[in-house]
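Asker: Those protein sequence lines, which keep their order, are chains A and B.
Just remember that the numbering used here sits 1056 ahead of the position in the first sequence, which is counted from 1.
Just remember that the numbering used here sits 517 ahead of the position in the second sequence, which is counted from 1.
One or more of the hints may lead you astray.
[Claimed, not checked] A few chain A residues that face chain B, going by a derived Cβ cut-off under 10 angstroms, partial list only: (1) 1086; (2) 1093; (3) 1122.
[Stated by the list, open to error] Result set (DSSO-like, lysine-lysine): computed pairs, CA atoms no more than 27 angstroms apart in a straight line: (4) A:1120 <-> B:580; (5) A:1303 <-> A:1317; (6) A:1876 <-> A:1864; (7) A:1120 <-> B:593; (8) B:603 <-> B:535; (9) B:535 <-> A:1120.
Calculated directly from the structure, the hints in this document are not laboratory data.
These numbers come from a predicted model, not from an experiment.
Yeah, the Cβ is synthetic: ideal placement off N, Cα and C, and Gly gets one too.
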Amino acid sequence: MKFFSYVQSLIPRVFRRAEVSAEVDAELRSHIEHRADDLVRDGLNRVEAERRARIEFGGRERYKEESYEALGGNFFHSFWGDVRFALRVLRKSPGFTIAAVGTLALAIGANSVVFAVLNGLFIRPLNVPHSQDLYALQRGHDTYIVQSYPDYIDLRDRNRSFDGLAAYNISQVALDTGENPVSVWGYEASGNYFDELRVQPYLGRLFHGSDEHGPNSAPYIVLTYAYWHSHFQDDRSVVGRTVRLNKHPFTILGVAPPEFKGTLLFFSPDFFVPLVNQQQIDGENYLNARGTRWVFEVLGHLKPGVTREQATADLSSIGASLHQAYPKEDDQAGFSLVRPGLHGNFFAPAIRAFLTALMLLAALILLAACANLGSLFAARAADRSREVALRLALGSSRSRILRQLFTEAVLISLAGGAAGLWGGVMVLHWLGGWKPFPQFPMNIPVNPDANVYLVALLLALISGLLFGAVPVRQVLRTNPYEIVKAGSTAKMGRGIAVRDVLLVVQIAICAVLVTSSMVAVRGLARSLHTNLGFDPQNTVLVDTDLIMAGYRGDEIAAMQKRMSDTIQTIPGVIAVGLVDVPPLHMGWSISNVFFDQTRDFRPSNAAAVVIRYRISPEYFRAARTALLIGRSFSNHDDMKSPGVAVVNRQFASKILGSATNAIGKHFKLPDGTRIEVVGIAEDGKYTANIAEDAQPAMFLSILQQPANDTCMVVRTTNEMGRDPSQLMSAIRSKLRGLDAGLPSFIQTWDEEMNGALFGSRMATASLGVLGVMGAMLSITGIFGMAAYSVSKRLKELGIRVALGAQRKEVLQAALGRAFKLLAVGSAAGLVLGLLATRVLAFIVYQASPRDPLVLCGAVLAMALLGLIATWMPAQRALRVNPLVLLREE
Amino acid sequence: MGEQAQLLPGTLDLLILKAVSLGPLHGYGVLLRIGQISGSALLIEQGALYPALFRLVRQGLLKANWGISDNNRRAKFYELTTAGRKRLREEQDGWNRLAVAMSTALAAQPEEV
Chain A
1057 MKFFSYVQSL
1067 IPRVFRRAEV
1077 SAEVDAELRS
1087 HIEHRADDLV
1097 RDGLNRVEAE
1107 RRARIEFGGR
1117 ERYKEESYEA
1127 LGGNFFHSFW
1137 GDVRFALRVL
1147 RKSPGFTIAA
1157 VGTLALAIGA
1167 NSVVFAVLNG
1177 LFIRPLNVPH
1187 SQDLYALQRG
1197 HDTYIVQSYP
1207 DYIDLRDRNR
1217 SFDGLAAYNI
1227 SQVALDTGEN
1237 PVSVWGYEAS
1247 GNYFDELRVQ
1257 PYLGRLFHGS
1267 DEHGPNSAPY
1277 IVLTYAYWHS
1287 HFQDDRSVVG
1297 RTVRLNKHPF
1307 TILGVAPPEF
1317 KGTLLFFSPD
1327 FFVPLVNQQQ
1337 IDGENYLNAR
1347 GTRWVFEVLG
1357 HLKPGVTREQ
1367 ATADLSSIGA
1377 SLHQAYPKED
1387 DQAGFSLVRP
1397 GLHGNFFAPA
1407 IRAFLTALML
1417 LAALILLAAC
1427 ANLGSLFAAR
1437 AADRSREVAL
1447 RLALGSSRSR
1457 ILRQLFTEAV
1467 LISLAGGAAG
1477 LWGGVMVLHW
1487 LGGWKPFPQF
1497 PMNIPVNPDA
1507 NVYLVALLLA
1517 LISGLLFGAV
1527 PVRQVLRTNP
1537 YEIVKAGSTA
1547 KMGRGIAVRD
1557 VLLVVQIAIC
1567 AVLVTSSMVA
1577 VRGLARSLHT
1587 NLGFDPQNTV
1597 LVDTDLIMAG
1607 YRGDEIAAMQ
1617 KRMSDTIQTI
1627 PGVIAVGLVD
1637 VPPLHMGWSI
1647 SNVFFDQTRD
1657 FRPSNAAAVV
1667 IRYRISPEYF
1677 RAARTALLIG
1687 RSFSNHDDMK
1697 SPGVAVVNRQ
1707 FASKILGSAT
1717 NAIGKHFKLP
1727 DGTRIEVVGI
1737 AEDGKYTANI
1747 AEDAQPAMFL
1757 SILQQPANDT
1767 CMVVRTTNEM
1777 GRDPSQLMSA
1787 IRSKLRGLDA
1797 GLPSFIQTWD
1807 EEMNGALFGS
1817 RMATASLGVL
1827 GVMGAMLSIT
1837 GIFGMAAYSV
1847 SKRLKELGIR
1857 VALGAQRKEV
1867 LQAALGRAFK
1877 LLAVGSAAGL
1887 VLGLLATRVL
1897 AFIVYQASPR
1907 DPLVLCGAVL
1917 AMALLGLIAT
1927 WMPAQRALRV
1937 NPLVLLREE
Chain B
518 MGEQAQLLPG
528 TLDLLILKAV
538 SLGPLHGYGV
548 LLRIGQISGS
558 ALLIEQGALY
568 PALFRLVRQG
578 LLKANWGISD
588 NNRRAKFYEL
598 TTAGRKRLRE
608 EQDGWNRLAV
618 AMSTALAAQP
628 EEV
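Okay, chain A solo, but in the shape it has when bound (with noise of 0.2 angstroms):
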């Protein structure tokens, strides 16, 4: 109560002080005239009266100065005061505070961003309602988790944990509303999507579980609101409109809310169609193929009271009976429960990891920064023991001095947090609308919220208290009388020590930031440079689908060999060679094989899973895989001839046994069909990881394997490749030629390949950028160390110079304090850089931390800064001027 009251009336003194103040006024005003008034009985005139009231009073500002703090509102008052003082002393010396505050925001900034992205993918949940208990389901053993639609019925239909299960795969489609067909990105959705997620619709309606009634059976399409919103420019009328999607016509349901962008964080989809109508949008139909998996997530929100371990039972029990009814097709595995929005443990881990680390540095640069400031406070408060020792001989009291300084810390820490989170916004924001991706609408969700903006400030804060804690111990072990004697020369005990031993902390941790930048660098160096089995080199990757265009059965083959037998015309065309999905491609196709003895195609049989690609026979030429023995396909290798394969290296020792007497070997695939090796071809890199160990690979003829999509590999001269865009307007225009409504995306293999060294570039560039951001903090903190050594010693500096000291001899004693805990730093970051390389060495390809060019350029880098950053007062210490320096004394 009593607390209460007081903070009551706490209020109205800081927020009413001039109120409050023009009532002190009015009452010391009422003493002086009462005072008056007894005057003038006493006979003096009023206006003499009035001066000698007021003479007597006394010092009425004191008074009223005094009365205010007497009222106790003075501690907000003091604290303003502090807060103008310190101002008034940053703008002062303004490099020194615009060196803080930049060096600050950096190092915020860097902070905020990496933390928004970790937030974004991993704290912040799905933005859909009720998002905490909401899991998608992951195969035990597999990072994947794809799931076969008719395992999904019965999962969702035999399940007792789960109020429902939903589930989705992702494609892309032709979308025609009467102009030109444009290609689009959605969900293909279970009927009951929307409902099991709680999303209600923006406009119209969503589908349901109802509107499904076999194949084909619900052509309804329900639009994300940002596609609505740029596409139909928020025309409202668009409910119940027709449109055609791969030329079937879908009827447009509704638009979905603003907020809801689908259950997949990375990937904003245009729209969604529902699932059972596959067979329109891909062209094929796995409706029923219970060993085909491709449901991309399946996902639900668990009942209220069942804990995830009952839940991972349940299905796992289904599980345990779906292998019993179906052996060839299920494997026996359990389930486990994932967060939805990563594709489960597929991409998840890596990512976390790898920001984690990036987090880690991050943090590490603002504990260097943080060591930078402390330095420099500590500085500061030597040059300013004089002040101090005033303030402190005037009557102040330590603790307001102290109170002074964290003030002037804080305001620097608060205002570089404020313009590191500003940058970091503005990175975020592009981040935002940035499409790695030419192809694909990839989208990375970092806008920042609450989360964000509190660490940043708490971040700033934390740094604040921190380097303004470091002069600390300096100012309460201030003696006033030594140092007014003295003056400012004075040294102040072990401070200078405390510094030094920041400098080398922050050194080093520059060093580990540059060291793990350099290792960055060369892994991605290295990785551009190993063998892929293929050359991207003057090569044009044309990718067309049929399906899209309308195309069905065998007119899908015939148009094929006639894209390819006219794109081989154009001239410098070398060859043209068909594939299902190109190598390092965002997606790929595995396969089990099995041995040429088994007859039980159960999955737990298979000899191994390997990555299928299936290529016309000039694919190899075109994409210049080296066959090391045996044959390529010819075109007689087609549906009436027996089954053949060229398999890899890899496939032919692991599988096969050995990699020379593999050929005319056979193996089987997981419908039976015997297939005879007829080639042996060079190991190359398949999956989206550049960075993965070799993998058994087959290729298959397209025409004994018929694939709808396929992608066309153009291989050029190199007068032609120099100059790409030239060729793919011919494709283009040739293309035209033969079907005008046929989508097609042309690009070079190069740039195809960013997809798949999208992961080393971001590690590289986020740690080349952390690595700059080191260096330029252990610039900053040696050149304030040496400077301010400098211009401490220039008076001992001239009395040497006086002497007769050499330039050797000078710079020797105003730098070799700086250069000697450069070194020092220095070795202890490389050593502690290379060790957490082991680290680096999980993310980034190729990393090794016993790479000599590592090593040289690291120890190198860190001399070039120390020169760099040493420069400016060595030529100060240099220009030493003994007579001028002796009379300004």
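Using the hints provided, position chain B relative to the given structure of chain A.
Answerer: Frame of chain A, contents of chain B only:
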């Protein structure tokens, strides 16, 4: 005015409480009342009165209200609160004990030791 004595630290608060206990007073009135009851023997700087008054208000020993003085001017009048009355009694007892002890001590004669 005879010879004036400097106030001991802490005694101003007690004097103000005493002065106000005799009836509500405005600031200048407090000053006059102290002069009156101490026979003008105590020297108080006029301005110094106010920080002390505000301190006592903040401690809840006095309460203040604006009113009209005998001179027909606006003035803030102070009166004791219950807590103030209690405090005055305690301080008075304490002071009396101290005064007795001090004067006894100072009155000591050589033969009494």
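Asker: Evaluate each hint against the coordinates.
Answerer: Hint-by-hint comparison with the structure:
The restraint placing residue 1086 of chain A at the interface with chain B holds, with a minimum CB-CB distance near 5 angstroms, inside the 10 angstroms limit. The criterion of a C-beta within 10 angstroms of any C-beta in chain B is met by residue 1093 of chain A, whose closest approach is roughly 5 angstroms, and the hint holds. Annotation: residue 1122 of chain A was flagged as interfacial toward chain B, and the flag holds, the nearest CB pair being 4 angstroms apart, inside 10 angstroms. For the given pair, residue 1120 of chain A sits about 19 angstroms from residue 580 of chain B by alpha-carbon distance, which is consistent with the 27 angstroms threshold.
At roughly 26 angstroms between alpha-carbon atoms, residue 1303 of chain A and residue 1317 of chain A fall within 27 angstroms of each other, so this suggested pair holds. Straight-line distance between C-alpha atoms of residue 1876 of chain A and residue 1864 of chain A comes to about 16 angstroms, which keeps the hinted pair within the 27 angstroms bound. Taking the CA atoms of residue 1120 of chain A and residue 593 of chain B, the gap is near 16 angstroms; set against the 27 angstroms cutoff, the hint holds. Distance check on the hinted pair: residue 603 of chain B and residue 535 of chain B sit about 11 angstroms apart at the alpha-carbon level, within 27 angstroms; holds.
A distance of roughly 24 angstroms separates the Cα atoms of residue 535 of chain B and residue 1120 of chain A; the hinted pair therefore holds under the 27 angstroms criterion.
The earlier numbered hints are all upheld by this structure, with none contradicted.
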